[in-house]
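A.B. asks: Protein chains in written order, with the numbering used here: chain A, 1 to 326; chain B, 1 to 712; chain C, 1 to 208.
Each hint should be verified, as a subset may be incorrect.
[Stated by the list, open to error] Each computed SDA-like pair below joins lysine to any residue, with the alpha-carbon atoms no more than 20 Å apart:
1) K372(B) / E648(B)
2) K121(C) / N54(A)
3) K230(A) / E648(B)
[Claimed, not checked] Computed footprint of chain C on chain B, listed as stretches where at least three residues anywhere in the stretch have a Cβ under 8 Å from a Cβ of chain C:
4) 17–24
5) 90–104
6) 630–637
Derived from the structure by calculation, the hints contain no laboratory data. Treat the numbers as computed from the prediction; the structure is a model and nothing was measured. Just so you know, even glycine gets a beta-carbon here, dropped at the ideal spot from N, CA and C.
Given next are the chains, with one letter for each unit.
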Amino acid sequence: MLNFEYASPSSLKEATALLGASWADAQVLAGGTDLISLMKDYIESPKRVVNIKNIKELGGISSSKGGLRIGALVTFDELAANAAVRTQFPSLASAVRGVTSPQIRNMGTVGGDLCQRPRCWYYRTGNGLLGMKDGKSLVPTGENRYHAIFGEGPAYFVSPSSLGPALIALGAKAKLVSTTGTREVDIAKFFVAPANDTSREIALAPNEILTEIVIPAAATKNATYEVREKDALDWPLATASVALKMKGDAVESAQVVLGHVAATPYVATQAAEMLAGKTITEDVAEAVGKAAVAGAKPLSDNAYKVQLAKVAVKRALLEAAGKKAV
Amino acid sequence: MPSYSWPEPEKRKIIGQRISRLDGLDKSSGRAKYPSDRNPQGLLYAVLLTSPHAHAKVRSIDTSAAEKMKGVTGVRVISKPGTEIQWAGTEVAIVAATSEPLARDAVRAIKVDYEVLPHFVREEDLSKVGARAKPAGEQITGDPEAGFKDAEVTSEGTYAIPVITHCCLEPHGAVIQWEGDKVNYWPSTQAVSTVANELARNLEIPATNVRVQMEHMGGGFGSKFPADRWHIESAHLSKASGGKPVKVFLDRASELTIAGVRPSHFAKIKMGAKKDGTITAWQSESWSTGGFAGGGMAPLPYVFNKIPNFRLNHTAVSLNTGPIRAWRAPNHPQASFLTCSAFEDLAAKLNMDPITFFEKNLQFTPRPDIYKRQLAKGAEMIDWKKNWHPRGQGSGVIRRGLGLGINSWGGAGHASKARTIIHPDGSVELEIGTQDLGVGTRTVLAMIAAESFGLPMSMIKVKLGDNQYPVSGPSGGSTTVGGVSSSTRKATINALTKLFEAIAPSLNTTPDQLEAIDGRIRVIGNPDKGMSWKQACQKLGVTPINEMGENDPKKPEGLNTAGAAGVQMADVTVDTETGRVKLNRLVAVQDCGLIVNPKTAESQVLGACIMSVCAALTEERVMDPQTGRVLNADMEFYKLAGISDIGEILVHMDITPENDKRGIIGLGEPCAIGGIAAIANAVANATGVRVPQVPLIPKNVLAALHGQGRNA
Amino acid sequence: MSIKDPEAKKPGSGFSRRGFLQGVGVGGGALSTGVLENEAQAQTPANVISGETAITLQINGKPYKTTVEPRRTLLDVMRDQLDLTAAKRVCDRGTCGACTVIVDNKAMYSCTVLAIDAQGKKIETLEGIAQGRNPHPIVNAFVANDAQQCGYCTPGFVVASKAFLDRNPSPTFDQVKEGLGGNLCRCGTYVGIRKAVLEASAKLKGGR
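Can you build the whole structure from these sequences, using the hints too?
C.D. replies: Structure, rendered in C-alpha cells:
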C-alpha cells in the first residue's frame, strides 16, 4: 500500500470538498472491505482517502410514503436486521444472507457494495480493469470460468455487487452528491459497462459520494436466489432477483435481474414481460428462466453459468410466489 | 537391560486416555508465540521482489533507488543478471527496512529489465504438451494383453486431479539474527534438528553456530523442511545491518505460488474383469506436473498392486510453475482417487455394489482381512445398505449417492534421540529436538514420560523445538510419533533404571524388583514397601539423573512399526440443476497401532478428512496460460472449505488389542488419502455420470451432466 | 507526524487542494491566490493527516499510544508495534478471519481496518477475551474439544465465536455453522470448533 493522506470528515459537505477530479486524487473509504485490499495490491493508490464513516447523515434506514430510504453507510448486518427490509424486501435480505461472513456483514456497507470493484482475477493481478494485454482482453482466451456470459466485451468481468440485482428489480434509486449538487440515478443506470480501462463500472464521478438508496413503496413479491461453490464466504456464480407486482394470483408486471453474469447486473426485460398475466408455476418459471438467458454468449469455460442463471431465475420466481423452489 | 516395551494395556494409567493437548490453552488464548509473532528489539522487515514473468532472463537489475530510500537497511539481488527464471514468483531481490511498508516501498523502486521468454504452464491436455513431456518409460507386469482378452467386461475412463497448494496459514518464513559469529534462527519449520545444517551450509558458517528455536508453527503439511532462500538472504541482511533481527514471511500470493504445491495427476485407465468382478488387467497412461522438474508417477494401481496383469505408462510434464514440495501423503491421494474412480466405474459397468467389487479383489492388496473388516465397518457407519442404490438410479433434481476410497501408508518412527533428566527435587525434564506441528507431539511425549514414571503429567516438563536438544528427525511421512515416542520411552526407562539403582539398597532390594506407580517407587508384589517419588529422588543427592534414549528405525524393538490401512466413505447430495455437491457425511475407518492419545489422534483423522473435502469440492490452483501466473494466489479464489461446507464427519479408529501389539504407527498421512475418491465416487453414484475431474464444482459437474465442457 | 490544515501546502505530498477543486488533477503549484482563499472559506475545515501521526487505540480497555502512517492496518499496528500478536496475518485481504477482532461489539477483519480509523473505538482482541482473570468460556471449550491443531487460525476463530455468542448465546448447530462462515482453517479443526461453541453456549447459560 502506498502512503496517502487521510481525512475523516463529519459532514457530507466537508467530505465532498475533500474529493478530487480523478480517482487517483481521492477515494472514499467506508467499510474498507474492498478498498484496503485494492490498495494493498496497488490496484488503487489514491493520494487521499476520505473516510466517510463518521458522517451521521449517511446512516440509518427510514420508511416514508415515498418508500424505504437506506443510508449508504448502513451495513449489511443492519440491513438484514431491519424489519421493513425483512418483511417487504426478502430479496434484499436474502442477498445479504448470501454474504456468509459475519465480519464482512459487520463492515461492508450498502454504498460500498454498489461501488466495489470487480473481482476479476486478471484485474486483481494487475492487468487493468479490462484485463488487457497488448490491446487484447486476456479473458476470452484465458481462464474465464467466473466471467461474464452476457455482453460482447471489452468488459468481461462480472459486477460483484450483491445488492445491485435486488435493488434494480425493486426499482431503487441512488442519490449522488458532490460539491456542485445532487443527482438521482436509477440503480439500473448506476452500473455501466466500461469501454476502456480508465473508466469505471459505475456512474459515480470521482468527486461524488453515494449517499443513500431509496426503494419505492410498491408492494411486490420478491426473492433472490444465488448459486455459489461454497456455503461459507464465497462469491456467487450466478444470482437472480425478481420482483413481482401481483394482481390476485397473477403477475401484473415483473422485474427479473441477474447478477454475476455480466459487467453490470443484467436486466432480463423480455423474460420479465413474459410473466404479465401469468400465474407462477414450475413450467412458467422454467420458461422465464430460459428466456432470461436467451441472449447469453458464454466464453470458452463458462457455459455452465448459463445453466446456473436459468435455474436461479426459475427458483427465485418460485420462491417469490411462495412455492417450493427445489 | 531394562525392558522398554509398552506397558500392558490393562496396566496403563495415561497412555490411551483422552488427554487435552498441553499447549491448547496457549493457542486458544493467543499466548502461543509463533515464529511470525516474534518482535525482538530492533526488528527489521524483509520483503521479496518476485518475478512477474513465468519464464524470463534477468538482463539487468538496478537497486540504487531502493537503497537510498527511507528506512532501508539493505538490498540484495537474488536472481543476478543472466539468471533464467523458470516460474512466476521466483525471488529476484530482497529488501530489509525498519518497517514493512517501507520495505515494500523500496521493493517497488527496484528496476529489473527482463528478457521475457516463452512460457508453458498447463498440462491437462497431453497432446499439447510437446517437448515439455518427459516419458518415464513403460512398466509391464504379467501379460496385460492376455488379461484383457480374459476379461468379460472392460471399462475405460479419464480422471484428473489438479495441482493444489499447501496454503499454510502461517506463511513460510523466519525471524533470523546474526549475532557475532552466531546466527539465531526462529523458523516456521518441520525440521528443528536438521534445518540448521542447510542454513549453515548456505551461510558458510559451522552448523554449530546456528541456534534454532521454535515453540509453535502454523502449518506445514510437508512444505516446511528447507531453509528457504528468503531465510538465507534475510540472514545476510541481518549481518549487513550489524546484527539486527530480520523478520521475513511470505505474503499470501507468494505463499501460494512458490512455497510448494502437490503435483497434479491425470490418467486414462482401462480395466478388465470377469463377470464375477475379479480383475484381470489394468492399463494406465498417466501424466503429471510438479512444476519445472516435472512430476513422478503416483503409485498405480493403488493398494491393489497385485493385480496380475498391468501396463503403466507415465509422462512427467515440465511447466513454468512453482515447484512441488511434499504434500501430506505424497502422491497417495492422487493414486487413490485415480484407482478408486476406475474401480467404481468398472463396478458400475458390472452392475455390482462397489463394496462387493472391492471385496472381490482384496486378494490383490497387501491386507485383505483388514480392508474387509473396514469395508464392513464403514458400510455400517454410513448406512450403506439403506442409502446405496445402483449408479444413476436416483431420480429428481436432488440426488444422493455413496462412494468409497481406500488408503495405505507406512508411518514407522524416524531416527530420534531424547534425554530425560530427573532432578533431586523430583521434577522431570524431557529434552528432544523435535517439533510440534499442532498434531499433539508435546502432549504425547508428556503422556509417555508420565506413564513410565507413574507420575501425573503435570510433573513432566517437555522441552522441544530447539536444536540444542537431542537430534530428532524432521516431521514428515507420519514418522514423528513413532520415533519420538520410542526414544522418549527408552530415555525415561533408562532414567528410571538409574533411579531404581540409586534407591534399591535403601529398600533392601535389587533395582529389578522395583516399579514406579502412582507417584511411588515400590517393591513389586509388596506395595507397602516403598517410598514416594520425591523421597526417592532426594536420594540422588545433588546430581540429577541424565539419560538418553534412541529410536533406531532399523531396530524399533516393537515400540513402533509401519503399515496403516483405512477406508473412507462419503454420502453426498447433488443438485443436478446447479451441479452443486454437498457432503452429507464422510466416515473414516482407520487402522492404527497403539494409540497414545485417542483425542488428538482422532483430530488428525478429522483434519485429514476435511483436507480431503477441500480437495474434492473446491480446491485447485488456477494457472493462466497467457500471463503464466497463478490467478488465484489468494484465499478468496483458492477455495478452502469453510465450517459449513464439511457435512458430518465420523471417525472410527481400529483400536484393538491386536493392533496395540504392533506398537505405534504414524497417522498423519493415511487418513488424508481416501476421502477425495470417496466423495468423487459418491457423486458418480448419485448422478449416474462420472465427473472426470475434481474439484467437484458446478463447472465440472454440469459439464459431465450436460456435456457443457471446456472448449479449449 | 502532522495534523494539518487542508489549505496548507504539504511539502512533498505533491497534492493541492486547488487541483481538486478545479478538476485539473494534481500539481505542486503555489496556492496563494485569492480564489482559493474564497473557496476555502466556503468549505468546512477538515483535518487532513499525512505521514506519521500519533494515535491512541482503546484495546481491551487500555489506551495504547503509538505513531502510525495512515496506511497502516489495525492488524499490523497491533502485531508490529503493540506486541499484541494473538490476531494473525494470513490472507491479509479480508477473507480468512485469522485477524478477527471485535470493534464496538462487532467482529471485524483487522487486516482491513486502518489503525487511524480505529481510534475512539472499543477494540477487543483475544488477549482481552482470554488472558484476563476471567477468560470467556469459549477459550477453554476450544481446548476441551480439541478445536485446534497448528493453532494459527484459532485466535480468529475464538474471537469470532465470542462475538457470535455475544449476539446469539443459545445458537443451534446450523446457526453456529452460519455464524462462523467468515473464518477458514487449514488443518481441519471445524468439527471441534462446532462442538466448542455449543459447549461454551451451554456454559454461558449455566453461568460461568
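A.B. asks: Apply the coverage criterion to the segment 17–24 of chain B and chain C: a residue qualifies when its Cβ sits closer than 8 Å to a Cβ of the chain, and three qualifying residues are needed.
C.D. replies: Result for this restraint: holds, n = 4.
A.B. asks: Holds or violated: are the alpha carbons of K121(C) and N54(A) at most 20 Å from each other?
C.D. replies: It holds: about 12 Å lies between the C-alpha atoms, which stays within 20 Å.
A.B. asks: Against the 20 Å threshold, does the CA-CA distance of K372(B) and E648(B) hold or violate the hint?
C.D. replies: violated (24 Å)
A.B. asks: Are there three or more residues in the segment 630–637 of chain B whose C-beta lies within less than 8 Å of some C-beta in chain C?
C.D. replies: n = 3 at 8 Å, threshold three: holds.
A.B. asks: Mind taking a look at whether chain C covers the segment 90–104 of chain B? Criterion is 3 or more residues with CB to CB distance under 8 Å.
C.D. replies: That given contact holds, which follows from 3 residues of the segment 90–104 of chain B lying within Cβ reach (below 8 Å) of chain C.
A.B. asks: Run the distance test for K230(A) versus E648(B): straight-line Cα separation, threshold 20 Å.
C.D. replies: Roughly 16 Å separates the two Cα atoms, so the pair holds.
Of the numbered hints listed earlier, the single one contradicted by the structure is hint 1.
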